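Chemist: Each chain is listed here by its residues.
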Amino acid sequence: MTEITGILKTAGSKRHRAEARFRAYGLIAIAVSLSFLLIMIGSIITRGSGAFHQTFVQIDVELPAEKLDPEGTGDPDVLRKARYGKLLKAALRDRFPAVKSRSDKKALYKLLSSNAEYTIRDQVVADPLLVGGTHAFWVRASSEVDQYMKGKIDSSLEESRRRINDKQLAWIAELQDAGKIEKRFNTQFFTGGDSREPEQAGIMGAVAGSAYTLLICFVLSFPVGVLAAVYLEEFSAKGRLNRFIEVNINNLAAVPSIVYGLLGLAIFLNVFNLPRSTPLVGGMVLALMTLPTIIIASRSSLRAVPPSIREAAYGLGASKVQTTFHHVVPLAMPGMLTGSIIGMAQALGETAPLLMIGMVAFIVDIPGGVTEAATALPVQIFLWADSPERGFMEKTSAAILVLLGFLIIMNLVAVYLRRRLEIRW
Amino acid sequence: MAKGLYVSETAGMSIIKRGQRNRLSETAVRLILILCALVAVATTIGIVASLLFESLRFFQKVPLTDFLFGLEWSPQTALRADQVGSSGAFGAVPLIAGTLLISAIAMLVATPLGLMSAIYLAEYASAKTRNTIKPLLELLAGIPTVVYGFFAALIVAPMLRNGGESMGFEISSESALAAGITMGMMIIPFISSLSDDVINAVPQSLRDASYGLGATQAETIKQVILPAATPGIAGSLLLATSRAIGETMIVVMAAGLAAKLTANPLEAVTTVTVQIVTLLTGDQEFDSAKTLSAFALGLLLFVITLILNVIALRIVDRYKEQYD
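Chains as they are written, first to last, in my numbering: chain A, 561 to 985; chain B, -13 to 310.
I should point out that these hints are in silico values taken from the structure, not numbers from a laboratory.
Quantities reported herein were computed from a predicted structural model and do not represent experimental measurements.
Just to be clear, a hint being listed does not mean it is correct.
Stated by the list, open to error - What the simulated footprint calls covered on chain B by chain A, stretch by stretch (three residues with Cβ under 8 Å from a Cβ of chain A suffice, anywhere in the stretch; the number is not a length):
hint, stretch
1, 23 to 34
2, 44 to 53
3, 194 to 207
4, 212 to 225
5, 288 to 297
Unchecked claim - Think about it this way: if two alpha-carbon atoms lie no more than 20 Å apart in a straight line, the pair counts; the simulated DMTMM-like pairs of lysine to aspartate or glutamate are:
hint, chain 1, residue 1, chain 2, residue 2
6, A, 798, B, 205
7, A, 798, B, 156
8, A, 574, B, 205
9, A, 670, A, 757
10, B, 306, A, 806
As the list claims (entries may be wrong) - Some but not every residue of chain A turned toward chain B, in silico, with C-beta under 7 Å:
hint, residue
11, 603
12, 787
13, 922
Ideal placement from N, C-alpha and C gives every residue a C-beta, glycine not left out.
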């Protein structure tokens, strides 16, 4: 008797151990999956948060009237053409009079961004009264100085192994002592277009491109998707055509996105000759891609509207079209919008099809319309990630944070709509 | 129903006329709706036509058998006609092998994690835990692939290379491993949420019967639920594989460019999607075999993923019917 209970006990505990083990595997799997998410987001945040600040150097620049505007016209065109680079270099030499040799001077000029002269130009053009005096300007430091100030360059390394030499370090220290170098909020990153110089590069061009692309995408895919769903749910006989369209939609939802890019390239660009690299074509391609998502979401939303609504409308003498568009569709609209916003969020993150239709060009200007060459936010991330310059690493991570920010906002809006408007029958 | 309404409207002429006008607009509306629904069909036709048309032009220059069975891929076109090696080689085998290698690594990472997560969420977790963890896992699917690509190329790959160096392995900085692991992360939620649905569809009566016979929860899952859910899980794994094969940005950013026929995950391989992107970004001439080969690769990709999807959807549908 005792033997049997012993066996039963061990068997029980062995089985219970197996049970506990199995349960633990499940928990471990979830923990590992979520830690992937955490590591990825965490490492991008730590790498990217630096880009929201930028190192600036204050420097006194002499603006002699005879060089900038000899005739004293105050004409912005004349002021724009003057050579501010030379003035800036002279100002640097004045600031550090001990620098004599050619190579040292070169190293000295490298403290500032190569675009720093345009900061001065823009300020002078905006305020011509500055001409003729000496004024203090805050200009962008070069990417190397910026990285050093953010602690990304280790000054204890051998001189030959870092991007910034001992003399430059000494100059930076001197500027620091004088309080002439500081980190400021980097508005340029949010308002500027792309640039070859990491310290100058901004995401506004890409954000505008993405906005135009999504606009086209939404304008095309939302009405078509909703009407297609209305047809499939409310009008079509459950026959062969319906089944065929349904199979089509399900398969389209699983086609790799790059194939849509090939479609756009072969048909929109080569057959219809639409302008390359534009949000118009990008939006059209993404519209085709998000269409299945919108149709599927809209159909389930229509299906959720109870038949009693339709019967009541018919009972009052409404026609099929009236019943559908006056009663069923408005009631299904919150669900349709939620599905569409989620579809748009997918489209916002999509990169591959846009590469196919040429939205990868280096474009400095912020696009002003849907037919102007543009790039999109995820493509900008791809381009920056590919760039060998160290300073772009930070910009890439920051651009990813901005993209994720937009996605979070869109998803929150979708959740809000679902909570507030969706009717539970 | 609508017809009955018109009959009741015959009370006066004006009403009849309005009825006819309504009927006309009803037909017009119906037509517009059908057209919208047919956009989906038109898209499919557009995809197939554009891929087929350009591929046929490619196969006029390069024989189909060379493309499907050739072991070498170097799509260089010559600047001058008399240049050595001007013809280029268009054998897709190394690209397919590379694609499968990376997808296999991704599935090796994602299958156990996704499946065990699904089992835990479906069978063990309380409703509250489930409602917090499921959306978190689905976040992984909502993150754009370009972000994964960046993570793979700039964080995972250097980590693997340094780790390998310290252990005496030589791991390429564009190794299949880095791209595969990252892609696996991306695919976890596809497997977990599809499998979760499938496991939830297994009728409660099966569980109750198993518990009634004295089985523990783990035994029930392993011996009753999983066998019952196998077709559905297989379908979800197939869908995930198709997703991995068609994935572009992760491999464009983290995998190599040179085609190499190898099964070593520590080496750099290239994939079908990487080659499509490299062939079509930059200058294109639409009469060169180099540019056209991208469409042949696209067709190949489309056919492979379509077959996987059709099989997967059919399995899942049949499985659903079984328990409906």
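Chemist: Okay, which hints does this one fail, numbers in order?
Modeler: Violated hints: 2, 4, 6, 7, 13; rest satisfied.
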